[in-house]
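There are 2 protein chains.
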Amino acid sequence: MEGFRVLEIKKSVFENNDREADKLREELKAEKTFLLNLMSSPGSGKTTTLMATIAALKDDLRIGVMEADIDSDVDAATIEKSGAKVIQLHTGGMCHLDAGMTKQGLEGLGTDNIDLAILENVGNLVCPAEFDTGAVKNAMILSVPEGHDKPLKYPLMFSICDVLLINKIDVMPYFDFDLDKCREYAKKLNPNIKIIPISAKHGDGIGEWTDWLRSQVAEWNK
Amino acid sequence: MEGFRVLEIKKSVFENNDREADKLREELKAEKTFLLNLMSSPGSGKTTTLMATIAALKDDLRIGVMEADIDSDVDAATIEKSGAKVIQLHTGGMCHLDAGMTKQGLEGLGTDNIDLAILENVGNLVCPAEFDTGAVKNAMILSVPEGHDKPLKYPLMFSICDVLLINKIDVMPYFDFDLDKCREYAKKLNPNIKIIPISAKHGDGIGEWTDWLRSQVAEWNK
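First to last, the sequence lines map onto chains A and B. Using the working numbering, the letters of the first sequence correspond one by one to residues 238 to 459. Using the working numbering, the letters of the second sequence correspond one by one to residues 238 to 459.
Mixed in with the good hints, there may be bad ones.
Repeated chains share a single entry, so a pair holds when one copy, or any two copies, can fit it.
The list that follows gives simulated cross-link-like pairs (lysine-lysine, DSS-like), each with its CA atoms no further than 25 Å apart [said to hold, decoys possible]:
| no. | residue 1 | residue 2 |
| --- | --- | --- |
| 1 | Lys438 | Lys418 |
| 2 | Lys418 | Lys295 |
| 3 | Lys418 | Lys318 |
| 4 | Lys318 | Lys295 |
| 5 | Lys459 | Lys266 |
Bear in mind the hints are in silico, worked out from the structure with no lab data behind them.
Could you put together the complete structure from these sequences and hints?
Right under this line is the structure:
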């Protein structure tokens, strides 16, 4: 029997999402909880990346994860094994989370003893980019098999993210993925975006990524 | 200079999308045009699959393609080289197409001399599944790097498709992709779904896929 809770998320009642998001960030600041919003396409490796992230940070930070999966609980069941606190958010087929929905999730998770809360957003490069969740930082994963042209096709997502993790670099030899072009396209949209190539499966780049995340959490929670 | 047209798609004004979709199918039947709705995640190989499909069918069928790309025209420029008639639909960041939007696209493309019209839908496994476009058949692509658990996570998409193309089987050795499990999950949601493993890049399975599509078009347009 699994120990994590499943929370049915209701549609938000707030008209002004940006205001709600700002309010949520203020509350998180007061509670000394850092919220990371993690976005990507389906199958780019969000859950594997989270597992590697938790393994690297769990001795330093108290971590909670909100899994905004659409209809199953495979990810929550996986994350639970990492030892992090985890809650499954059932979004009833919704294609994104807004600040009101994220707040419901945080209340369900409980942030009293959480330094780092991570929202694993719905697998979708379109809709989640349009809604500020109230997160302190936005991160996205693009995996090598998806192709280096994705910044051209989903520009908003690349524009609003603080970090771009380029995952599955271990399979680079088998795909026509041009890392330099990908960097160039992403930086053109968002000159400040931090780009870290990783292999969540084999561990490459996870140190650089978790060092960055650790320092961001320390800065926010101090 | 590129020869294809770019059409700005407006939001639909129709309240009842299902009724509009049925009406559009009736019009397509009368015009002897078969409409295929092709859906997938970003980066699963929709455009490469289309190129292989057009190459296999262009001597038998007059083909038109609607590229519902979000913000760039990389796909339309690629497809244009295949010799098929192509139009780029700019959806202004919208995450799906409904029947009214598809109808605008078909009018822009012109279906008078088209036996097979293909809509390359927005790269998204969530929202496009919720809207009947008026297509005669729905096809989706799942690529091996995305993982075999995707039917569990995006069940609606797998439920509404007539065909599931499992693409990038050439890289199967480098990923933990269980083809039998993927079949089992998909068939449980949709016992009638036709599953064809392909490598759009190398041509495997393209014969089976295009034979199926050719027979569907012949049946509809007779």
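To see whether the hints hold, each was checked on the structure:
Taking CA atoms no more than 25 Å apart as the test, Lys438 paired with Lys418 passes in both settings, with 24 Å inside one copy and 21 Å between copies. In the homo-oligomer, the alpha carbons of Lys418 and Lys295 never lie at most 25 Å apart, since the shortest distance is 35 Å inside one protomer and 33 Å across protomers. Taking the shortest Cα distances, Lys418 and Lys318 sit within 25 Å of each other only across copies (22 Å), while inside one copy they are farther apart (37 Å). Taking the shortest Cα distances, Lys318 and Lys295 sit within 25 Å of each other inside one copy (13 Å), while across copies they are farther apart (52 Å).
Proximity of Lys459 and Lys266 under a CA criterion of 25 Å is satisfied intra-copy only: 9 Å inside one chain copy versus 66 Å between copies.
In this structure, the one hint that does not hold is number 2.
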